[in-house]
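Chain A is already provided as a structure; the job is to place chain B on it using the hints.
Listed in order, the protein sequences are those of chains A and B. Mapping to full-length UniProt numbering: the first sequence position 414 is 414, numbers consecutive. Mapping to full-length UniProt numbering: the second sequence position 94 is 94, numbers consecutive.
Think of the hints as simulated: they come from the structure by calculation, not from any bench. Among the hints, erroneous ones may be present.
For the chain B half of the interface with chain A, some residues (derived, Cβ under 10 Å), not all of them [as the list claims (entries may be wrong)]:
(1) Phe184
(2) Asp185
(3) Gln188
(4) Thr189
(5) Pro242
(6) Phe243
(7) Val288
(8) Lys418
Each computed DSS-like pair below joins lysine-lysine, with the alpha-carbon atoms no more than 30 Å apart [to be verified]:
(9) A/Lys425 to B/Lys298
(10) B/Lys394 to B/Lys382
(11) A/Lys181 to B/Lys156
(12) A/Lys422 to B/Lys422
(13) B/Lys298 to B/Lys9
(14) B/Lys43 to A/Lys181
(15) B/Lys156 to A/Lys291
Sample of chain A residues at the chain B side, in silico, Cβ under 7 Å [to be verified]:
(16) Ser187
(17) Gln188
(18) Pro286
(19) Lys394
Where is the CB? At the ideal position from N, CA and C, for every residue including glycine.
There are 2 protein chains.
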Amino acid sequence: MAAVSEKPKQKRIAIIGGGLVGSLNAIYFAKRGFKVDLYESRKDPRSQEFVQGRSINLALSVRGIESLKAVGAHGPMVEGGIPMYARMIHPRNGKKYAIPYGKKDQCILSVERRKMNEHLLTVAETYVNVDHHFEHKLVHTDLENGRVTCSWDDTKVEINADLIVGCDGAYSTIRKEMMRKPRFDYSQTYIPHGYKELRLRPTQDGQFAIEVNYLHIWPRNTFMLIALPNQDRSFTCTLFFPFEQFDMLTNREEVIKFFSREFPDFKDLMGEEYLVEEFFKNPTGPMVSIKCKPYHVKDKAVIMGDAAHAMVPFYGQGMNCGFEDCLVLDGLVEKHNNNIGAALADYSRTRNPDAEAICDLAMYNYIEMRSSVNSTLFLAKKKLYSFLNSLMPKTIIPLYTMVTFSRIPYHIVIERDKFQEKVGKKICERN
Amino acid sequence: MAAVSEKPKQKRIAIIGGGLVGSLNAIYFAKRGFKVDLYESRKDPRSQEFVQGRSINLALSVRGIESLKAVGAHGPMVEGGIPMYARMIHPRNGKKYAIPYGKKDQCILSVERRKMNEHLLTVAETYVNVDHHFEHKLVHTDLENGRVTCSWDDTKVEINADLIVGCDGAYSTIRKEMMRKPRFDYSQTYIPHGYKELRLRPTQDGQFAIEVNYLHIWPRNTFMLIALPNQDRSFTCTLFFPFEQFDMLTNREEVIKFFSREFPDFKDLMGEEYLVEEFFKNPTGPMVSIKCKPYHVKDKAVIMGDAAHAMVPFYGQGMNCGFEDCLVLDGLVEKHNNNIGAALADYSRTRNPDAEAICDLAMYNYIEMRSSVNSTLFLAKKKLYSFLNSLMPKTIIPLYTMVTFSRIPYHIVIERDKFQEKVGKKICERN
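Next comes chain A alone, as it looks inside the complex (with noise of 0.2 Å):
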């Protein structure tokens, strides 16, 4: 990687969060040549054995690796990332079939969440002009005088920046410091089910324990079971149930059951005992859909990834969106020759109509990869569009391929699915 020198005004950015989002935007900003200083409340994870948080692998698909490639992050990602070319659904019945995601060529790659992290983390290290502040819990901001304060080891630090970026998640403490301005919009919405994982092992001679290069649904119709392939041959299997259905499986007879009424081919593999352990061991978390406007403070504050627009994990969107973030602000502070006032104010007023168009895809997936992946009609509609696809591969283009193998902005994907919804309509009216 390029080291950048020092210029006579460097311009100070001082990054709350050192997730995904956060480590890759030191990446972004540390290539412009700013100052880069990165705030972590949570030690380095590099340096620990287990680490807590989110849900541990993730889909990466087109937007996010245009976003690593533009700042040269890509490589060991990619490479590492396993890829699901389909979704393998298992019925009640047993009798499994696979729907591919795009044409032949096309997959999404499981990557787990950890190494994503530490690699971005290291990249960003190869800058000279970038530092980690790890265990740095932010106590204050002023937003208004990009100013911060963190506690550190018992010590308060001040931090004065040209810029805060806030990537501080979903529960995001710089969001809600602007929420206190006037005229801030913010919805958060709770979805009634929760979500638990389940490990699902090697086999005993050290191989997967189901067919790899697929993202395996178990779709019940009011709930599902999904599994991701790990490099260390495992699976991370998630339950995504309904809370109040979660409690009232108290006990490991009820659990089997369960297992064995609604998902008896993974209960097999699962193994009773360990099912059982699994499903205690871990906890249930609850899943929210966040919206809100304007993204920005004058010049001298931003929210980006989570923090500006968590989503419900049903599109495998959150992270890809999150990076894309970080690009589309990058240009934008091209565009605008590092005039971040002007950069910041384009960014809250394009970014936003996509990022609130994501979140209602993924509300929408929440039915369909649940429930419509079951029906005939959505098998039918699958096929119906890849077929208009080959037809007129630039006029009509599949939901998913848009949203998940293209860079189209995430509100035009509603807007041209619309239209050929209607145009899908019309066709087989007329047949």
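Below, chain B without anything else, positioned relative to chain A:
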């Protein structure tokens, strides 16, 4: 008023906020025999010459009146209110006309916020089991355990209550505390318009400057001016105007030019000097629509009124809905035999759809009031529905009548209106 004697295990209610909903709630809980302490950060308005706060006057209608009646607090407010039987529309061409609100005897009452508040505080005080605590500022709350800390005259007051009732308005601290709990849904949406109040004085011979028994509207599609009569023969007028355009009226000339062009009759009534004085003296306020759920924490805390559902002011239902909250909760406490936990759960579940419905209706009227009232289609529809109502008085009730002159739950109002729209459409298609 009847004084209630102490019972062995008298429940303690801490009401946070002594505005309209807080003071009415104090009466409701007092009547039920609870020990009520009401905490308000401002001084007692009855001891003040000037009182800062929200908009000056309000339109009291059936839901509000019924809620006052149930605790015998309606008398002076209903008698002192100025009846408004119709909207008086002032088009640009100066040819004004009236659109009645309902049947001949149906009216809404223009009441002054301050008078209403002082009246309710005084009624509450007649109960021996009520104590008012003014100049008590909330500094800390522990909702789960019913603990509240207020600051008062440089000292801290610790309060233990069986129930904390947050009636602390749109920027509620109690609601902010609830937001810290898991799975609390919340949204706040600011509209692009701001509002500015302007006082239209009585004429030199002490008369109302315009027709008294009307709510005057100067609709101009993208903005509007309204006027409500006061008991002192002045009118409180409010200009609803986009913030961006407010920002452009920076000096005397621009203000006069604007009013001369858009509201020449109004400008003449105000007089140029006084109009400009009022315009620059009075602040421009934002308007926000707030939805959230649930409204309660266990059997320990509940939010009511604007704290739970602030709405834009275009249906004149903010106070009426807040008062109805008190009546509804009281009914549920009765239904559940004073079991607060059961009543609160029932209240959150049943009141939320109604509160969200009136927030939506108010937002819808934000457009109707400044633009649709101008259209012939709007007038034709009004006539159609009052005609249908005369044929089928129980089946077809105009939307405005259901909201303003009935206690039909707001969410049912929306359902019935959708049905009525279909009926109306069919009739129009046949003729």
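Right, here's what the structure says about each hint:
Restraint check, B/Phe184 versus chain A: the minimum CB separation of about 7 Å is within 10 Å; hint holds. Here the hint on B/Asp185 is kept, as its CB sits about 5 Å from the closest CB of chain A, short of 10 Å. At a threshold of 10 Å, the smallest CB-CB gap from B/Gln188 to chain A is about 5 Å, leaving the interface hint in force. The beta carbon of B/Thr189 comes within 5 Å of a beta carbon in chain A, closer than 10 Å, and the hint placing it at the interface holds.
The beta carbon of B/Pro242 is not positioned within 10 Å of any beta carbon in chain A (closest approach about 12 Å), and the interface hint is therefore violated. Proximity of B/Phe243 to chain A holds as hinted, the smallest CB-CB distance being about 8 Å (cut-off 10 Å). Because the beta carbon of B/Val288 sits about 8 Å from the nearest beta carbon in chain A, less than 10 Å, this interface hint is met. Because the closest C-beta pair between B/Lys418 and chain A is about 23 Å apart, greater than 10 Å, the hint is violated.
For the suggested pair A/Lys425 and B/Lys298, the alpha carbons sit about 49 Å apart, so the restraint of at most 30 Å is broken. With a C-alpha separation of about 17 Å, the suggested pairing of B/Lys394 with B/Lys382 holds against the 30 Å cut-off. Restraint check for A/Lys181 and B/Lys156: the C-alpha separation of about 28 Å stays at or below 30 Å, so the hint holds. Between A/Lys422 and B/Lys422, the direct Cα distance comes to roughly 25 Å. Compliance with the 30 Å bound is thereby established for this hinted pair.
Pair hint B/Lys298 plus B/Lys9 holds up; C-alpha atoms about 20 Å apart against a cutoff of 30 Å. Of the pairs offered as hints, the one joining B/Lys43 and A/Lys181 holds, with about 26 Å between alpha carbons and a cut-off of 30 Å not exceeded. Annotation: proposed proximity of B/Lys156 to A/Lys291 is violated, straight-line Cα distance about 38 Å (limit 30 Å). Among the interface hints, the one on A/Ser187 holds; its C-beta lies about 3 Å from the nearest C-beta in chain B, closer than the 7 Å criterion.
A cut of 7 Å between beta carbons decides the hint on A/Gln188: the least distance to chain B is about 5 Å, and the hint holds. Annotation: interface hint on A/Pro286 holds; nearest CB of chain B at approximately 5 Å, less than 7 Å. For A/Lys394, the interface hint is violated, since its Cβ never comes within 7 Å of a Cβ in chain B; the closest pair sits about 37 Å apart.
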